[in-house]
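The listed protein sequences derive, respectively, from chains B and Z.
Yeah, the first sequence ends on 658 if you go by the numbering used here, and it's all consecutive.
Yeah, the second sequence ends on 1184 if you go by the numbering used here, and it's all consecutive.
Hints may contain errors.
[As the list claims (entries may be wrong)] In silico lysine to aspartate or glutamate, EDC-like type, Cα no more than 20 angstroms apart, as pairs: (1) Z:K912 x Z:D1039; (2) Z:K852 x B:E432; (3) Z:K879 x Z:E1131; (4) Z:K852 x B:D411; (5) B:K601 x Z:E817; (6) Z:K939 x B:D498; (7) B:K442 x B:D430; (8) B:K610 x B:E432; (9) Z:K1143 x Z:D888; (10) Z:K879 x Z:E867; (11) Z:K993 x Z:E933; (12) B:K610 x Z:E1184; (13) Z:K1143 x Z:E831; (14) Z:K1179 x Z:D1168; (15) Z:K907 x Z:D1039; (16) B:K601 x Z:D1010; (17) B:K492 x Z:D1002; (18) Z:K1143 x B:E622; (19) Z:K908 x Z:E933; (20) B:K408 x Z:E1183; (21) Z:K1096 x Z:D1120; (22) B:K610 x Z:D1151; (23) Z:K1133 x Z:D1123; (24) B:K610 x Z:D1002; (25) Z:K1143 x B:D411; (26) Z:K1179 x B:D430; (27) B:K414 x Z:D851; (28) Z:K802 x Z:E817; (29) Z:K786 x Z:E838; (30) B:K414 x Z:E1184; (31) B:K492 x Z:D1010; (32) Z:K1179 x Z:D1151.
For the record, the hints were derived by calculation from the structure and aren't laboratory data.
Please read these numbers as outputs of a predicted model, since none were measured by experiment.
One letter stands for each residue in the lines below.
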Amino acid sequence: MKKKMTKKARIEAVWGLCMIAPTIIGLLVLNYYPICETVYQSFCKTGDFGKGNEFIGVTNFVNLFQDAEVFSTLFNAAKYTVFSLPATVFLSLVLAVLMNRKMIGRSAYRTIFFLPMVCAPAAVAMVWKWMFNQDYGLLNHMIGAKINWVTDPKVAMIAIVIVGVWGALGNNMILLLGGLQDIPKDYYEAAAVDGSTGVHSFFHITIPLLSPMLFFIIQTGVMGSLNLFDLPFMIMDKTSRAWPSVKTISYLFYEYAFEQSNRGYGAAIVMFLIAIIGVLTVVLQKTEKMWVHYD
Amino acid sequence: MRTRKRILAVLLVMVMTAAMAVTGCGSGDSGDGSASDKTITVAFWDNNQLAGLKEIADEWSKTSGYKVEFTAPDWGSYWTMLEAGVSGGEMPDVFWMHSNNADKYMAADVLLDLNDYIEEDDAIDMDNYFKGIADLYNMDGVQYAIPKDHDTIAVIYNKKIFDKYGVGYPSEDWTWEDFAAAAQEISDKGKADGVYGTYCNVSSNQDGWYNIIYSYGGEVITPDRKASGLDEPATIEAMKFVAEKILPACPPPDSMASTGGDTMFLSGLVGMICQGSWAVNNFYTADNASDYAWALLPYADVNGNGQCEPSERCSIYNGLGWSISAQSEKADAAWSLISAFTSEEGQKKQSELGITMAAYEGCSDAFAEAFDGMDISPFVDIEEKGTLVFRPYSKSMALWDQDISDALVDVWSNPETMEDTLKQLAVQMNKRIAEE
Chain B
364 MKKKMTKKAR
374 IEAVWGLCMI
384 APTIIGLLVL
394 NYYPICETVY
404 QSFCKTGDFG
414 KGNEFIGVTN
424 FVNLFQDAEV
434 FSTLFNAAKY
444 TVFSLPATVF
454 LSLVLAVLMN
464 RKMIGRSAYR
474 TIFFLPMVCA
484 PAAVAMVWKW
494 MFNQDYGLLN
504 HMIGAKINWV
514 TDPKVAMIAI
524 VIVGVWGALG
534 NNMILLLGGL
544 QDIPKDYYEA
554 AAVDGSTGVH
564 SFFHITIPLL
574 SPMLFFIIQT
584 GVMGSLNLFD
594 LPFMIMDKTS
604 RAWPSVKTIS
614 YLFYEYAFEQ
624 SNRGYGAAIV
634 MFLIAIIGVL
644 TVVLQKTEKM
654 WVHYD
Chain Z
749 MRTRKRILAV
759 LLVMVMTAAM
769 AVTGCGSGDS
779 GDGSASDKTI
789 TVAFWDNNQL
799 AGLKEIADEW
809 SKTSGYKVEF
819 TAPDWGSYWT
829 MLEAGVSGGE
839 MPDVFWMHSN
849 NADKYMAADV
859 LLDLNDYIEE
869 DDAIDMDNYF
879 KGIADLYNMD
889 GVQYAIPKDH
899 DTIAVIYNKK
909 IFDKYGVGYP
919 SEDWTWEDFA
929 AAAQEISDKG
939 KADGVYGTYC
949 NVSSNQDGWY
959 NIIYSYGGEV
969 ITPDRKASGL
979 DEPATIEAMK
989 FVAEKILPAC
999 PPPDSMASTG
1009 GDTMFLSGLV
1019 GMICQGSWAV
1029 NNFYTADNAS
1039 DYAWALLPYA
1049 DVNGNGQCEP
1059 SERCSIYNGL
1069 GWSISAQSEK
1079 ADAAWSLISA
1089 FTSEEGQKKQ
1099 SELGITMAAY
1109 EGCSDAFAEA
1119 FDGMDISPFV
1129 DIEEKGTLVF
1139 RPYSKSMALW
1149 DQDISDALVD
1159 VWSNPETMED
1169 TLKQLAVQMN
1179 KRIAEE
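Build the full structure now, drawing on both the sequences and the hints.
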């Protein structure tokens, strides 16, 4: 049986609700309402300006599964994830371990690596766009080659991955640093007594104890990179022949929903993406027990 | 102790709600609160025109007693703002319309029906405006916007580059073949310096290959806007000319896709480009403006008589319109402002101030004089020496425009596929039009 609340507890609950009301209302109005609206619109042939929506059932989804572009753009997003995520995790782990040692100018280095996080993504993309410029860009000038960074279909995705990894390093490094500092020093000392060396300790103490943080980074990384939109949008020109090889499914959604005002089909695309990310998240959660250790 | 905490909590909540109320009011105010009495809000996307339009509006304010408040976000934000305004109910009173979006806005009843106003206003008669623009903003006999301006295309060239390689300046009797030959000569001689003759990207349509198509007698869409013209022989001939003669004289497609034509021209890397009258100020205020000169668009000698008939020299033109929100509570005052912008007097002033050319026919001569030290008469001259063709559009333009652009990206790298691609595009475009 549920226990009846005392008067005091009830008052406290009411006050608690009042206190979080601004956030709850914000979430309801700004997040949950649009989510429901998007689900509804995905079953509609939408009219301009949100007027005259016409319910057409699953037609949008039927069209979606016959649309080759949906799958090619999804493939691009997956490609980005597969390239960028391992690199991000590996490099930020290395950086975090290096930044965790006692060394001169440690906070300066930490700041430098974290800096990309405080820059506006659009500004970052614009600067990279100029660095990548094949004729007048800094990058080609420095390495003395003529690589068509953002116009060669074979290279463009690598260029995007470079920017993506560079941008994500700082944040992940800080998260991993936090995780590293939670590991008690005694473990290493005890291991050292038993003859464990640096590398051995790293794989047998650091990695397992860091696994919750690594798991978090991988999971948010998968979501973030499948949703990739801003980098290709800002860095690439749509008249580049490499554009089809980096156009992501989020961009396809944007193209339909906002450029062509076909909200319904756009909503269907985004629902499809949500479903995929949802499935991946569940799979990741299921594997969690296999390799993530909480002390 | 506990009471003190409680009081503190209550105080905190009060402060927070008060702050929210204040900010809430603040944002409401800028929308319609303060605007409710004697202010007309005007929105458009081209900051270049702000100073000039303000001058005309200030003049109007003196007689009307209304204040005019301008906002000029960039092109993309402008349409997002309008779209949100329509759904959210906060629209500027007066704003610009464009051929890309006009159909959608007119069909959705968000623009004020201007027929009655036009009838009552002696200063406005739709017959005075360029027909293409007036028709564009008319749906089923209802006028939803008054034409604001028109634009044409001309060639801008860098005298220094032409001198350096000993190539003759563009002239009035140039055909497109001459244009391509001169461009090729510059590209050949300028190879070592990385200088190219001209620039024509996939996206350079209104200020590029559209003009060539119509000069050759082709068309992008039929005049009744019911079928694609991309598979017509003349269109194919024109585009094959672009692929075989113009593109080889341009920077490689990859370079064009990563650097804009204006940027390359202004950096002295391209000899000449076709440009629209809307961009004059950009070149007028450039560092090397004294090196630049404008020339008439070339013509295509279709009948082979060695002379230019007006129909062989085509410039695409487009025009914006002034609209009033159907929700505006100050529609009368808003109309009065539009009338001031679009009357003969207002249109002449717009040209004089160098804002843009007029939509009112015969009011654009002053525009040619508006830029001291730079002769931009080719933009005005083409009205007599050539033919103005309204920018091709139809209801589903956003869709077929994208299709064309996507398909041409491949052609730009493989010019020999032009004919086949155009034929496929025509089929695709006809399908889009049929679904309108």
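Okay, the hints, checked on the actual structure:
1. Z:K912 x Z:D1039: holds, 12 angstroms
2. Z:K852 x B:E432: violated, 26 angstroms
3. Z:K879 x Z:E1131: holds, 13 angstroms
4. Z:K852 x B:D411: Cα-Cα ~7 angstroms, so holds.
5. B:K601 x Z:E817: Given that 20 angstroms is the threshold and the Cα spacing comes to 35 angstroms, the pair is violated.
6. Z:K939 x B:D498: holds, 14 angstroms
7. B:K442 x B:D430: holds, 19 angstroms
8. B:K610 x B:E432: The hint holds at about 10 angstroms.
9. Z:K1143 x Z:D888: holds, 14 angstroms
10. Z:K879 x Z:E867: Roughly 18 angstroms separates the two Cα atoms, so the pair holds.
11. Z:K993 x Z:E933: holds, 12 angstroms
12. B:K610 x Z:E1184: violated, 27 angstroms
13. Z:K1143 x Z:E831: Since the Cα atoms of K1143 (chain Z) and E831 (chain Z) sit roughly 17 angstroms apart, the hinted pair holds (cutoff 20 angstroms).
14. Z:K1179 x Z:D1168: Roughly 17 angstroms separates the two Cα atoms, so the pair holds.
15. Z:K907 x Z:D1039: OK: K907 (chain Z) and D1039 (chain Z) at ~5 angstroms, within 20 angstroms.
16. B:K601 x Z:D1010: Measuring from Cα to Cα gives roughly 17 angstroms; hence the hint holds.
17. B:K492 x Z:D1002: Answer holds: K492 (chain B) to D1002 (chain Z) is near 14 angstroms, not above 20 angstroms.
18. Z:K1143 x B:E622: It holds: about 14 angstroms lies between the C-alpha atoms, which stays within 20 angstroms.
19. Z:K908 x Z:E933: holds, 15 angstroms
20. B:K408 x Z:E1183: holds, 14 angstroms
21. Z:K1096 x Z:D1120: Holds, because 17 angstroms separates the two Cα atoms, which is no more than 20 angstroms.
22. B:K610 x Z:D1151: holds, 15 angstroms
23. Z:K1133 x Z:D1123: holds, 17 angstroms
24. B:K610 x Z:D1002: Holds. K610 (chain B) to D1002 (chain Z) sits at ~17 angstroms (cutoff 20 angstroms).
25. Z:K1143 x B:D411: Cα-Cα ~13 angstroms, so holds.
26. Z:K1179 x B:D430: Cα-Cα ~17 angstroms, so holds.
27. B:K414 x Z:D851: Since the Cα atoms of K414 (chain B) and D851 (chain Z) sit roughly 15 angstroms apart, the hinted pair holds (cutoff 20 angstroms).
28. Z:K802 x Z:E817: holds, 9 angstroms
29. Z:K786 x Z:E838: holds, 17 angstroms
30. B:K414 x Z:E1184: holds, 18 angstroms
31. B:K492 x Z:D1010: OK: K492 (chain B) and D1010 (chain Z) at ~17 angstroms, within 20 angstroms.
32. Z:K1179 x Z:D1151: Answer holds: K1179 (chain Z) to D1151 (chain Z) is near 12 angstroms, not above 20 angstroms.
Violated hints, listed in ascending order, are 2, 5, 12; each of the other numbered hints is respected by the structure.
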